[in-house]
Amino acid sequence: MKMKVTPERKKRTKHSLLSLKRNKLLYLMILPGFLYFVIFKYLPMGGLIIAFQDYQPFLGITGSPWAGLKHFIRLFTEPTFFMLLKNTLILFALNIVIFFPLPIILALMLNEVRHKMFKNVVQTIIYIPHFLSWVIIVSITYVFMNVDGGVLNEIIAAMGGHKISFLTSPEWLRTVYIGQIIWKELGWSTIIYLAAITVVDTQLYEAAEMDGAARLRTTWHVTLPAIRPVIITLLILKIGHTLDLGFEHMYLLINSLNREVGEIFDTYIYTAGLKNGQLSFSTTVGLFKGVVGLILVMLSNKLAKKIGEDGVY
Amino acid sequence: MNRNYKKLAALMLCSGLLLTACGGNANNSKDGADKAAAGAGANGGTQAKTKISWLNVLHTASPPTDTVLNKIEEFTNADIEFSWIPDASKEERINTSLASDSLADIVTLTILDNSSVRNALKSGMFWEVSPYLDEFPNLAAISRDTRSSASIEGKLYGVPFQKSKARNGVIIRKDWLDKLGLAVPKTTAELKEVAKAFTEQDPDGNGKKDTTGFMDRSDLVYGAFKTLGSYFGTPNNWAVDNAGVMTPEFATEGYIQTMDYMKALYDGGYINQDFAVTAKNDQQQNFAQGKAGIYVGALFDSKNLLNLAKGIQDGMELVMVNDITSTGKPEDRAIWSSSNGIGGLLSFPKSEVKDEAELKRLLKFVNDLMSDEVYALMTYGIEGVHYTADADLAVTIKDTDLWQQEVQPFAASRPNETGYKIHDADPLKVEAERLIQENAEYGVLNPAYSLESETNTAQGSELQKIITDATYKYILGKIGLDEFKGEIDQWKKSGGSKIISEYEAAYKAVNP
Numbered sequence: 001m002k003m004k005v006t007p008e009r010k011k012r013t014k015h016s017l018l019s020l021k022r023n024k025l026l027y028l029m030i031l032p033g034f035l036y037f038v039i040f041k042y043l044p045m046g047g048l049i050i051a052f053q054d055y056q057p058f059l060g061i062t063g064s065p066w067a068g069l070k071h072f073i074r075l076f077t078e079p080t081f082f083m084l085l086k087n088t089l090i091l092f093a094l095n096i097v098i099f100f101p102l103p104i105i106l107a108l109m110l111n112e113v114r115h116k117m118f119k120n121v122v123q124t125i126i127y128i129p130h131f132l133s134w135v136i137i138v139s140i141t142y143v144f145m146n147v148d149g150g151v152l153n154e155i156i157a158a159m160g161g162h163k164i165s166f167l168t169s170p171e172w173l174r175t176v177y178i179g180q181i182i183w184k185e186l187g188w189s190t191i192i193y194l195a196a197i198t199v200v201d202t203q204l205y206e207a208a209e210m211d212g213a214a215r216l217r218t219t220w221h222v223t224l225p226a227i228r229p230v231i232i233t234l235l236i237l238k239i240g241h242t243l244d245l246g247f248e249h250m251y252l253l254i255n256s257l258n259r260e261v262g263e264i265f266d267t268y269i270y271t272a273g274l275k276n277g278q279l280s281f282s283t284t285v286g287l288f289k290g291v292v293g294l295i296l297v298m299l300s301n302k303l304a305k306k307i308g309e310d311g312v313y
Numbered sequence: 001m002n003r004n005y006k007k008l009a010a011l012m013l014c015s016g017l018l019l020t021a022c023g024g025n026a027n028n029s030k031d032g033a034d035k036a037a038a039g040a041g042a043n044g045g046t047q048a049k050t051k052i053s054w055l056n057v058l059h060t061a062s063p064p065t066d067t068v069l070n071k072i073e074e075f076t077n078a079d080i081e082f083s084w085i086p087d088a089s090k091e092e093r094i095n096t097s098l099a100s101d102s103l104a105d106i107v108t109l110t111i112l113d114n115s116s117v118r119n120a121l122k123s124g125m126f127w128e129v130s131p132y133l134d135e136f137p138n139l140a141a142i143s144r145d146t147r148s149s150a151s152i153e154g155k156l157y158g159v160p161f162q163k164s165k166a167r168n169g170v171i172i173r174k175d176w177l178d179k180l181g182l183a184v185p186k187t188t189a190e191l192k193e194v195a196k197a198f199t200e201q202d203p204d205g206n207g208k209k210d211t212t213g214f215m216d217r218s219d220l221v222y223g224a225f226k227t228l229g230s231y232f233g234t235p236n237n238w239a240v241d242n243a244g245v246m247t248p249e250f251a252t253e254g255y256i257q258t259m260d261y262m263k264a265l266y267d268g269g270y271i272n273q274d275f276a277v278t279a280k281n282d283q284q285q286n287f288a289q290g291k292a293g294i295y296v297g298a299l300f301d302s303k304n305l306l307n308l309a310k311g312i313q314d315g316m317e318l319v320m321v322n323d324i325t326s327t328g329k330p331e332d333r334a335i336w337s338s339s340n341g342i343g344g345l346l347s348f349p350k351s352e353v354k355d356e357a358e359l360k361r362l363l364k365f366v367n368d369l370m371s372d373e374v375y376a377l378m379t380y381g382i383e384g385v386h387y388t389a390d391a392d393l394a395v396t397i398k399d400t401d402l403w404q405q406e407v408q409p410f411a412a413s414r415p416n417e418t419g420y421k422i423h424d425a426d427p428l429k430v431e432a433e434r435l436i437q438e439n440a441e442y443g444v445l446n447p448a449y450s451l452e453s454e455t456n457t458a459q460g461s462e463l464q465k466i467i468t469d470a471t472y473k474y475i476l477g478k479i480g481l482d483e484f485k486g487e488i489d490q491w492k493k494s495g496g497s498k499i500i501s502e503y504e505a506a507y508k509a510v511n512p
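Going down the list, the protein sequences come from chains A and B. Position one of the first sequence corresponds to residue 1 (full-length UniProt numbering), numbered consecutively onward. Position one of the second sequence corresponds to residue 1 (full-length UniProt numbering), numbered consecutively onward.
It should be emphasised that the hints constitute simulated quantities derived from the structure, not laboratory data. Since the model is a prediction, treat every value here as computed from it, not as a measurement. Any given hint could be a false lead.
[As the list claims (entries may be wrong)] If you want the footprint, here are the derived chain B segments under chain A, 3+ residues with CB under 8 angstroms:
id : region
1  : 112 to 120
2  : 193 to 207
3  : 272 to 281
4  : 468 to 478
[What the hints assert, rightly or not] A short list of chain B residues far from chain A (calculated; beta carbon distances all over 10 angstroms):
id : residue
5  : A239
6  : E462
7  : V510
No residue lacks a Cβ here, since even glycine has one placed at the ideal position from N, Cα and C.
From just these sequences and the hints, can you work out the full model?
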């Protein structure tokens, strides 16, 4: 189909070409970023093709036989699928319901602290755990919570209670998991909210004060609405990672006795895929994860726009 | 790979073969190899060394320094370049190496039941070595049994690591036994009594109830479970009857008895309560700190335990037991064999090793590794530096720390571990060696080890999780026998039945 070129369009094209020429240095500056995405993000996506193959590394993508939807059928029909989905969703829900509001609350509280030195000290201290690796955090937990000589259990025993096998009980896994996340990431997550709070117009506070609002009221009616766009944006981004809880943390926590609640897509990809060498199957799981994440982000973004917020794009 | 390399390889091969031919005779092949190797070593000064890259598994915390390596290189006239893979991450590392084709001239494959390793072997990615083995004296000495056990569908894709057939047993604190006036247990019931006494009668005499009987780790294979299972007559992975019907070990009476036994230990507190999450390192440390008195594992671990205990539990004396049965009858003695005595393969990928001449050069190198001299180097180090030896070739390590740094990392890479004259002078080591040799007679082999089952290759380890999890849950009292059997049904439904029928077909093909 031949497109009819109107004079107007011609003019516009010419104009944009001209601006491209005139600002070529600026456009050149985009190039590295553009190449980065092409090389490291888009080209590797081609590898997703192995989800539809019986991939054998030594035969390569071109030589491996096609498998159709075999791996997808296996994923959706395996009894583990529902366990994985359930565990992932429950942990995600805990993450959103319990963990997500905490940094906001903490940031609001920190905002009320007027003593600058004290505030800095508190902030520094609560940032530190963020820099520890999960291996260290889980090891610390082990030292505290194991049954044979764990500090926490010794305290419980000393107070006449029964020792609790935190690390081998399915009912404790989620508590331990979310507790560790809170300990590690709470302080660090407040940063962005604190930054958002600092740009709130001080006149608003003064006006509220004039109207006789107490501290709590100003927080509720001024600070919170002011950082609402940030909260929504972060929430949407977080939802995008629904099935992407992170492999390392959970992998370190699960064992034979709590696997039924602890196995999530990320750990499954690792054990079934990489460790056992089923590359096609694990790619299938990964692809599924990615697609669900994409859909959820688009849905929540739409929802955010519907309720009058900006969304992320 | 440049041309020089090939020329050199050919040259080395010819000289190697020639020397072997001169020095060797039919009756004493090992001596021949030694002379050949010595010859090669003597000529080392005049010829440039061949470069050999080796993707190898590291069982210690850090790779060895060059001291011993230089000696080995001198001896084998090779310039060895190691890429070390830590044992803990070997599965994913080997898999990614296979997937990305970033291999070396020699690749140590210790996990032959891993699906990508098995597929890689079957796909012809590696050289089939059986036609060449007999050209090299030390390789020719590898028994037919070992060769066929290490084969896949009748083909041998590398030089098998020759390990002792069965090396597990029970290690007990002798000083604690003596203190409580107990005898060395002979039956599983007596063993439990010892564990009970160690838990309840304060064997370390500190007035506190802070000891347990067993100190175990989260490993149903190399930990206590499988060894105890042997005592109850559990087959090694699979049992096969005369009609060729295969039964997985967990569907046998012995397995359930073992679970009950472990459960009793757990319920009574005679085992560390967190054994399901205890790492091997913690297990050994805890034992060395005097927290428990019974250790089940490789018999030669006794020496390590004693070393670890230095300065902490100086009174520690250990006794090793390898003849425990559940019935008390000596004819019921049994001990599972780890991989039927095969520790994996030294394989040569075709992508790196381009032609026969190069392959033969590498085989010659492996052959030299099996010589008495290199065995001594890889086991004890350099005489005068790491050890001293008496006229009887009994070795005393001079400096354990130095040995651990410079020599120990090589030990796991020895293609052969048995049948050498040089030995450790340490009585505990000698005793462990004796018991391990005795074990071979009672070793229970896995009849499915060299059989093929496609489902097992693809899904076996995922399916095994069902059983492993259920076993732990049973031992810890979270599920009962009916639920355990339900899990077996689950295993069967998820693919276990297919594994059984595939193995049965494969077994019938081999044993018509």
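A quick look at each hint next to the structure:
no.: 1; hint: 112 to 120; verdict: holds (count 6)
no.: 2; hint: 193 to 207; verdict: violated (count 0)
no.: 3; hint: 272 to 281; verdict: holds (count 5)
no.: 4; hint: 468 to 478; verdict: holds (count 7)
no.: 5; hint: A239; verdict: holds (24 angstroms)
no.: 6; hint: E462; verdict: violated (6 angstroms)
no.: 7; hint: V510; verdict: holds (25 angstroms)
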